[in-house]
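Residues in the sequence shown are numbered consecutively from 289, following the working numbering.
One or more hints might be untrue.
[Unchecked claim] Okay, the calculated beta carbon distance ranges per label pair: (1) L363 <-> A325: 51 to 59 angstroms; (2) I301 <-> S337: 35 to 43 angstroms; (3) P295 <-> L335: 34 to 42 angstroms; (4) R320 <-> L349: 28 to 36 angstroms; (5) I301 <-> D336: 37 to 45 angstroms; (6) E319 <-> I296: 31 to 39 angstroms; (7) R316 <-> Q341: 53 to 61 angstroms; (8) E326 <-> A365: 30 to 38 angstroms; (9) F299 <-> E319: 26 to 34 angstroms; (10) R320 <-> P295: 54 to 62 angstroms.
By construction, these hints were calculated from the structure, which means they are not laboratory data. Idealized CB from N, CA, C, for every residue including glycine.
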Amino acid sequence: MSDAIIPIAFFLILAGAIVAVARFQTQRSRERDREYAEAMEGYRKALDSATVQQEAIRTQLTELNVRVQSMESMLRAVE
């Protein structure tokens, strides 16, 4: 019975070390995933902002196009 105590203790310590390492790796992985999610949220907000700005610019270009066409028609009418 006393001969089995040392191997059992060794395997218990080994199992505890494996569990501890796995736990720390899982925590580190979760932290990386959290940072990645935060970065993706920032990219999404930047993309939404860029889309809104692009729509505003497109609207302005449309208005300018209408003005240029009206000026062009006025100039053609003068000829």
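Hints and how they fare:
no. : hint                              : result
1   : L363 <-> A325: 51 to 59 angstroms : holds, 56 angstroms
2   : I301 <-> S337: 35 to 43 angstroms : violated, 54 angstroms
3   : P295 <-> L335: 34 to 42 angstroms : violated, 59 angstroms
4   : R320 <-> L349: 28 to 36 angstroms : violated, 42 angstroms
5   : I301 <-> D336: 37 to 45 angstroms : violated, 53 angstroms
6   : E319 <-> I296: 31 to 39 angstroms : holds, 35 angstroms
7   : R316 <-> Q341: 53 to 61 angstroms : violated, 38 angstroms
8   : E326 <-> A365: 30 to 38 angstroms : violated, 59 angstroms
9   : F299 <-> E319: 26 to 34 angstroms : holds, 31 angstroms
10  : R320 <-> P295: 54 to 62 angstroms : violated, 37 angstroms
Of the hints listed earlier, those the structure fails to meet are numbers 2, 3, 4, 5, 7, 8, 10, in rising order.
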